[in-house]
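Trainee: Line order of the protein sequences matches chains A and B. In terms of our numbering, the first sequence opens at residue 40 and continues consecutively. In terms of our numbering, the second sequence opens at residue -11 and continues consecutively.
I should point out that these hints are in silico values taken from the structure, not numbers from a laboratory. The structure displayed is predicted, hence computed values, not measured ones. Wrong hints could be hidden among the right ones.
As the list claims (entries may be wrong) - EDC-like cross-link-like pairs, simulated, lysine to aspartate or glutamate; straight-line CA separation at most 20 Å:
{"#": "1", "chain 1": "A", "residue 1": "Lys138", "chain 2": "A", "residue 2": "Asp92"}
{"#": "2", "chain 1": "A", "residue 1": "Lys81", "chain 2": "B", "residue 2": "Glu445"}
{"#": "3", "chain 1": "A", "residue 1": "Lys114", "chain 2": "B", "residue 2": "Asp181"}
{"#": "4", "chain 1": "A", "residue 1": "Lys114", "chain 2": "B", "residue 2": "Asp110"}
{"#": "5", "chain 1": "A", "residue 1": "Lys114", "chain 2": "B", "residue 2": "Asp85"}
{"#": "6", "chain 1": "A", "residue 1": "Lys125", "chain 2": "B", "residue 2": "Asp185"}
{"#": "7", "chain 1": "A", "residue 1": "Lys81", "chain 2": "B", "residue 2": "Asp181"}
{"#": "8", "chain 1": "A", "residue 1": "Lys125", "chain 2": "B", "residue 2": "Asp85"}
{"#": "9", "chain 1": "A", "residue 1": "Lys114", "chain 2": "B", "residue 2": "Asp149"}
{"#": "10", "chain 1": "A", "residue 1": "Lys114", "chain 2": "B", "residue 2": "Asp275"}
{"#": "11", "chain 1": "A", "residue 1": "Lys81", "chain 2": "B", "residue 2": "Asp85"}
{"#": "12", "chain 1": "A", "residue 1": "Lys114", "chain 2": "B", "residue 2": "Asp107"}
Stated by the list, open to error - Just so you have them, the derived chain A footprint on chain B, three or more residues with Cβ under 8 Å:
{"#": "13", "stretch": "95 to 108"}
{"#": "14", "stretch": "153 to 160"}
{"#": "15", "stretch": "164 to 172"}
{"#": "16", "stretch": "416 to 426"}
Using N, Cα and C, we set each Cβ at its ideal position, and we do this for glycine too.
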Amino acid sequence: MRIFLSGIGVAVALLGVISHAHGQKETERFIPIGQSPGVSQKHTSIGEIAEVDQQKQMVTIVEPAGRRTVKITEKTRIWLDRTKLKQTNLVGSFAELQKGRRIEMKYADPESRQIADWVKVEIAQP
Amino acid sequence: MPAATRAYKPHRSAKLRVAGALLAAASSLAACNSKPPDPQAALIAKGKEIFFNETFNGNGRTCGTCHREERNFAIDAAFIATLPKNDALFVAEFNRDLKQNFENPRLMREFGLILENLDGFDDLPNKFTMRGVPHVLALRTSIVSPQGPRTGWSGDGAPGDGSLRSFAIGAVIQHFTKTLNRVAGVDFRLPTDAELDALEAFQLSLGRQADLALPLPLRGTVAKRGQQIFLDNGLGKCNVCHGNAGANLAAGNNANFNTGVEDLPDQPARLTGEKVPRDDGLGRPGDGTFNTPPLVEAADTGPFFHNNAIETIEGAVAFYNGQAFNNSPSGKFLASTDPNGVGIRLDATQVVAVAAFLRVINALENIRQSIELLTQSEALGFFEGERAKPLLMRAANEARDATAVLAGAGLHPQAVALLDESGKLTERAESSLFSRRGLTREAIKVQEQARAQMIEERK
């Protein structure tokens, strides 16, 4: 009986961990570049877009640490940071990732830093 | 007349001298009482100030607008009904820019529900959830998981790194904005790093700092039976997910489950005919799971579940008997591990017994907190009455909560009488200039007597 009962605990623990906790990404959209708590600078790159490969859906950015090329996938959230224009931030698309624009990128895997989890692109001019 | 004047003058100056001496004594006493500043206490105090007073240049709301100290850091319809029309909670009723798609005033006033755009801000009229306000007590024991911190009803309440520290930023963006544009620096300002640190420290300081160690040596017959059922993994099965009546699994970490609350028929908010989209829980799109809340604080923080679907603690326990739970992934899973294929099946007396147990442990926590506050107040010197007042007010609130929680189910009438007496003593202490500390000591003693009615002292 004791084995059965402790088995329930282990099994329910397994059921419970199926769901992964993660930050509420939706309010993230309204946080300007560089100000995401606990993430900006630590787990993101902030720099300028140097190259865009539309076909491969890759973006190369230049940040203080050097150049980095990152994959944008269907799951990557793209937001347009229009805070400097005092306008609401919008959901964007790959087309808005344009050379010369300031960008912040959070990685899906902070270790490998190859795929973007979310991207904020600064829109500084109307 | 001149003689009288002459006679009066020395008398007056003597009075002044006495007053001066008293003031000097007071200031030297105050100096003796002053302890070296505790940096953590200072951070918590700063966090408290921000929590209740800082609007972040937004629509007038503060964290305390919804997380009311006098309502155990939550809010409910009965309390909402007592608020003035211009309370910042009702900002959607008087700020034209927030009239549409910011709150649903009817559901707020009738059921204490708050609008959240957890699945995004791109379709405001159709994509939203209506959720109750969770209390922020015992956070230190209830949000840690191997996958990261779990904040809010679905465990994903915070932007950034998802931590409790980051939670305030998401709350400001969601609830404090002046317009639906939600532009930082225009519609609100974002909390600074120092403010986030302070808010986190304050919230972590609230309520229990450790889990209980069940079973407790309870005295009440029904509550004692309720505890047995609660701990019985073959009957109540409550302890499987709510280990030690907290928010953690036996392994000590918090987790999310789909328990089928969204499948309850006749949910009060939906009965109104107002639009209430299905709440899909964690993530976007959601996986249907919600975070396990602690139960020690449950009985005095209803209504229950993320959608305030059930008003009473007895109803909340009974939920686990129903179709909604037993057909849910969690219910089916429990059934699959049961030799008889049963998820949870309790009779009415067993439901009431489990609820009685939850009421008693809630009241014991109220008493613990109340005694802690009374002790802090009692330690303050004669000239620190103003600092003692808020502590005494909170202590009286806790005693009132304990009384209501027990009396609501006819439990421990003797303890209820004692708690009532202690509450009165505390109120007298609050307004007394000379007997504050004596009355406070008496209130502590009476609360200890009340506690002794409910639980045997551990040796």
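Trainee: Now tell me, hint by hint, if it's right for this structure.
Mentor: So, going through the hints one by one against the coordinates:
1. Of the pairs offered as hints, the one joining Lys138(A) and Asp92(A) holds, with about 10 Å between alpha carbons and a cut-off of 20 Å not exceeded.
2. For the given pair, Lys81(A) sits about 49 Å from Glu445(B) by alpha-carbon distance, which is inconsistent with the 20 Å threshold.
3. Only pairs whose Cα atoms come within 20 Å are accepted, and Lys114(A) paired with Asp181(B) is rejected, the gap being roughly 30 Å.
4. Only pairs whose Cα atoms come within 20 Å are accepted, and Lys114(A) paired with Asp110(B) is accepted, the gap being roughly 16 Å.
5. Between Lys114(A) and Asp85(B) the alpha-carbon distance is near 32 Å, which puts this suggested pair outside the 20 Å criterion.
6. Of the supplied pair hints, the one linking Lys125(A) and Asp185(B) is violated, its CA atoms being roughly 27 Å apart against a limit of 20 Å.
7. Restraint check for Lys81(A) and Asp181(B): the C-alpha separation of about 14 Å stays at or below 20 Å, so the hint holds.
8. Among the hinted pairs, Lys125(A) with Asp85(B) is consistent with the structure: their alpha-carbon atoms are about 16 Å apart, no more than 20 Å.
9. Between Lys114(A) and Asp149(B) the alpha-carbon distance is near 18 Å, which keeps this suggested pair within the 20 Å criterion.
10. The suggested pairing of Lys114(A) with Asp275(B) holds, with an alpha-carbon distance near 16 Å, which does not exceed 20 Å.
11. Restraint check for Lys81(A) and Asp85(B): not satisfied, since their Cα atoms lie roughly 36 Å apart, outside the 20 Å limit.
12. Using a Cα cut-off of 20 Å, the hinted pair Lys114(A) and Asp107(B) holds, with the two alpha carbons roughly 14 Å apart.
13. Three residues within the 8 Å Cβ limit are the bar, and the stretch 95 to 108 of chain B against chain A gives 4, so the coverage statement holds.
14. With 4 residues carrying a beta carbon less than 8 Å from a beta carbon of chain A, the stretch 153 to 160 of chain B meets the three-residue requirement, and the given coverage holds.
15. A count of 5 residues in the stretch 164 to 172 of chain B with a Cβ less than 8 Å from any Cβ of chain A is obtained; the coverage claim is therefore met, three being the minimum.
16. Coverage of the stretch 416 to 426 of chain B by chain A is violated in this model, with 0 residues showing a Cβ closer than 8 Å to a Cβ of that chain against a need of three.
The structure shown violates the earlier hints numbered 2, 3, 5, 6, 11 and 16.
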